[in-house]
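Visitor: So the sequence lines, in the order shown, correspond to chains A and B. Quick note on the working numbering: the first sequence kicks off at 1 and runs consecutively. Quick note on the working numbering: the second sequence kicks off at 1 and runs consecutively.
Treat the hints with caution; some may be incorrect.
[As the list claims (entries may be wrong)] With the C-beta cut set under 10 Å, the calculated list includes, among others, these residues of chain A facing chain B:
hint, residue
1, N120
2, Y126
3, K127
[As the list claims (entries may be wrong)] With a straight-line Cα cutoff of 30 Å, these simulated BS3-like cross-link-like pairs (lysine-lysine) come out:
hint, chain 1, residue 1, chain 2, residue 2
4, A, K7, B, K260
5, A, K27, A, K38
6, A, K193, A, K176
7, A, K234, B, K257
For the record, the hints were derived by calculation from the structure and aren't laboratory data. Glycine is no exception: its CB is placed at the ideal position from the N, C-alpha and C atoms.
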Amino acid sequence: MSFISVKHIKKTFKVPIKSSGILGTLKSFFKRKYRYIKAIDDISFSIKKGEIVGYIGPNGAGKSTTIKILSGILVPDSGDVKVAGLIPSKDRKEYVKQIGVVFGQRSQLWWDIPAIDSFNLLKEIYKIPKEQYESTLNELTKLLNLEEILNVPVRNLSLGNRMKCEIAASLLHSPKILFLDEPTIGLDAVSKKVVREFIKKINKQKNVTIILTTHDMADIEALAKRIILIGKGKLLYDGSLSKLKKNYDYLRKIKVVTKDTIDIKKDCIVKIEKLDDGIEFTIDIRKIEINEFIKLISSKISIIDIDIDSENIDELIVKLYEDFKI
Amino acid sequence: MKSYLCYFKLKFITGLQYRAAAIAGVLTQFFFGFVYISVYVAFYESGSSNLPMELSDLISYVWLSQSFFSLIYLWYKDKEILNMIKNGNIAYELLRPQDLYLMWCHKILGERLSSVILRFLPVILISVILPKPYNLDLSTSLPVLILFILSMILSSILMTLLVVFYHVICLFTLDEKGIVNIFMVISDVLSGLGIPVPFFPKFMQNISNILPFRYISDFPFRLYVGNITINEGLISILVQITWIILLFTIGKLLTNKALKRAVIQGG
Numbered sequence: 001m002s003f004i005s006v007k008h009i010k011k012t013f014k015v016p017i018k019s020s021g022i023l024g025t026l027k028s029f030f031k032r033k034y035r036y037i038k039a040i041d042d043i044s045f046s047i048k049k050g051e052i053v054g055y056i057g058p059n060g061a062g063k064s065t066t067i068k069i070l071s072g073i074l075v076p077d078s079g080d081v082k083v084a085g086l087i088p089s090k091d092r093k094e095y096v097k098q099i100g101v102v103f104g105q106r107s108q109l110w111w112d113i114p115a116i117d118s119f120n121l122l123k124e125i126y127k128i129p130k131e132q133y134e135s136t137l138n139e140l141t142k143l144l145n146l147e148e149i150l151n152v153p154v155r156n157l158s159l160g161n162r163m164k165c166e167i168a169a170s171l172l173h174s175p176k177i178l179f180l181d182e183p184t185i186g187l188d189a190v191s192k193k194v195v196r197e198f199i200k201k202i203n204k205q206k207n208v209t210i211i212l213t214t215h216d217m218a219d220i221e222a223l224a225k226r227i228i229l230i231g232k233g234k235l236l237y238d239g240s241l242s243k244l245k246k247n248y249d250y251l252r253k254i255k256v257v258t259k260d261t262i263d264i265k266k267d268c269i270v271k272i273e274k275l276d277d278g279i280e281f282t283i284d285i286r287k288i289e290i291n292e293f294i295k296l297i298s299s300k301i302s303i304i305d306i307d308i309d310s311e312n313i314d315e316l317i318v319k320l321y322e323d324f325k326i
Numbered sequence: 001m002k003s004y005l006c007y008f009k010l011k012f013i014t015g016l017q018y019r020a021a022a023i024a025g026v027l028t029q030f031f032f033g034f035v036y037i038s039v040y041v042a043f044y045e046s047g048s049s050n051l052p053m054e055l056s057d058l059i060s061y062v063w064l065s066q067s068f069f070s071l072i073y074l075w076y077k078d079k080e081i082l083n084m085i086k087n088g089n090i091a092y093e094l095l096r097p098q099d100l101y102l103m104w105c106h107k108i109l110g111e112r113l114s115s116v117i118l119r120f121l122p123v124i125l126i127s128v129i130l131p132k133p134y135n136l137d138l139s140t141s142l143p144v145l146i147l148f149i150l151s152m153i154l155s156s157i158l159m160t161l162l163v164v165f166y167h168v169i170c171l172f173t174l175d176e177k178g179i180v181n182i183f184m185v186i187s188d189v190l191s192g193l194g195i196p197v198p199f200f201p202k203f204m205q206n207i208s209n210i211l212p213f214r215y216i217s218d219f220p221f222r223l224y225v226g227n228i229t230i231n232e233g234l235i236s237i238l239v240q241i242t243w244i245i246l247l248f249t250i251g252k253l254l255t256n257k258a259l260k261r262a263v264i265q266g267g
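Put together the whole structure using the sequences plus the hints.
Guide: Next comes the structure, spelled out in structure tokens:
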């Protein structure tokens, strides 16, 4: 039985087209034209309990819309959504007790008061029993290192610390599912690492199902074994990250430090670039093994130093987007 | 219920923190009280006849409306709610296991009560000890006092529902400017906060008797100063209750409708 099941959902937004300028504004005042944008176009997937799923796609692909539908805020035009046996948009009040949501670009904490006061408010809103609340809060405080920042007014917190509080706030009522919409946006490397490790921990310890949208591929690499790729509202790929890598991650950059020059042409070499102190080859490992390639060039030039780089996951995704024409 | 009261508490605590605002509020109330009273005194002394209210009643009316001002004025905008609608943070409100409409009612009533509690006592106390004819005359009978308290409770509920209603409209218009602003100003005028309803031309009196606005400030204060009889008062309280039921139903239905077609702004 799948924990989250999404079947053929569609959502179209009606967007008024406004012409610019005074005349245009006047015109659209009397006769308004609309454009229909298919934010989500027939998407289906299912997720098991305890999975971490990375939900990726370029800007405007429909990621946030999906999250909003899954969290019961938006109603899909057609299709079925069932999460933990409930229909989010119908059983909203009952359903939202079981989920936690973090929108990375928004804040759920009261700006002027310390986070702990917001937490206490959430305790009342979710009717969390006192003992349970205290133990959860203690745990979260320890895991996220919150002691010193809980009593500072939220407006005085750094973005990283605020995000930690946001995530803690969404977990106070011990949800079974956690939706993270760009949780690491704008964070520095250290905070990102803390957030990622924390997500991993709660997934393991509490078996919380996590759906994560992000543009930071390092998040996906660190967290999600399974990814769902969407573009222009359509589902493009649903499967493991490693499989995707196998299909797309075949280029290696080999930087050779040398004083010699080389003139080589082979179809396994995609690109040759001259650097100040050597040469950078980009090779296709489907056509030649690295071992073979090094043998080949070492027979022609003397190698002082060598550096092999696999492709950045960001570039991989760019290639993927290009492939799917999104 | 308890989970809604926490908004109330929070707004209350936040409101109480702004002491400087409260002092400034009291001073403003006095300033406007004196301006209104000076105008009325000049008006009465110029020898106009057939005036619908006695000067002393009118002056008490002005002081009462000034002391409860922050609870009864109608062009109130809750910045937090309006921003939430504009920038899409309303998404978080919808994630709570609560009713959005009731949540807003509690937020707004909490905010208004916290602001009136800091302001009304000083205005009443000082205006009572002012020299005649500028003073507030608090003497009244027990039945009137009881009716007044009841009507004030109902009027704060009515005020909350009206203000929430304007905010609910913003769910459709996305902005409080324009039509909502116009509504707010009209309702403020018709509520009798500037000029008491008996001074309106006849046709405007008829209009304001039907509409809910007058039952928020004009009615309870005129009841207190004795310009409205107890019998009339009882009927008006029934009108208050009717409007409360009506506005609550409309507000709730509109909210549900708005949320069905909700579009969350900004990604």
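Visitor: Taking the hints in turn, state whether each one holds.
Guide: Outcome of the hint check:
1. Interface hint status for A/N120: upheld, as the beta-carbon distance to the closest one in chain B is roughly 8 Å, under 10 Å.
2. Interface hint status for A/Y126: upheld, as the beta-carbon distance to the closest one in chain B is roughly 6 Å, under 10 Å.
3. Taking 10 Å as the C-beta cut-off, the interface hint given for A/K127 holds, the closest approach to chain B being about 6 Å.
4. Taking the CA atoms of A/K7 and B/K260, the gap is near 20 Å; set against the 30 Å cutoff, the hint holds.
5. The suggested pairing of A/K27 with A/K38 holds, with an alpha-carbon distance near 26 Å, which does not exceed 30 Å.
6. Straight-line distance between C-alpha atoms of A/K193 and A/K176 comes to about 23 Å, which keeps the hinted pair within the 30 Å bound.
7. Simply put, A/K234 and B/K257 have alpha-carbon atoms about 29 Å apart, close enough for the 30 Å limit, and the pair holds.
Hint compliance for this structure: every hint is met.
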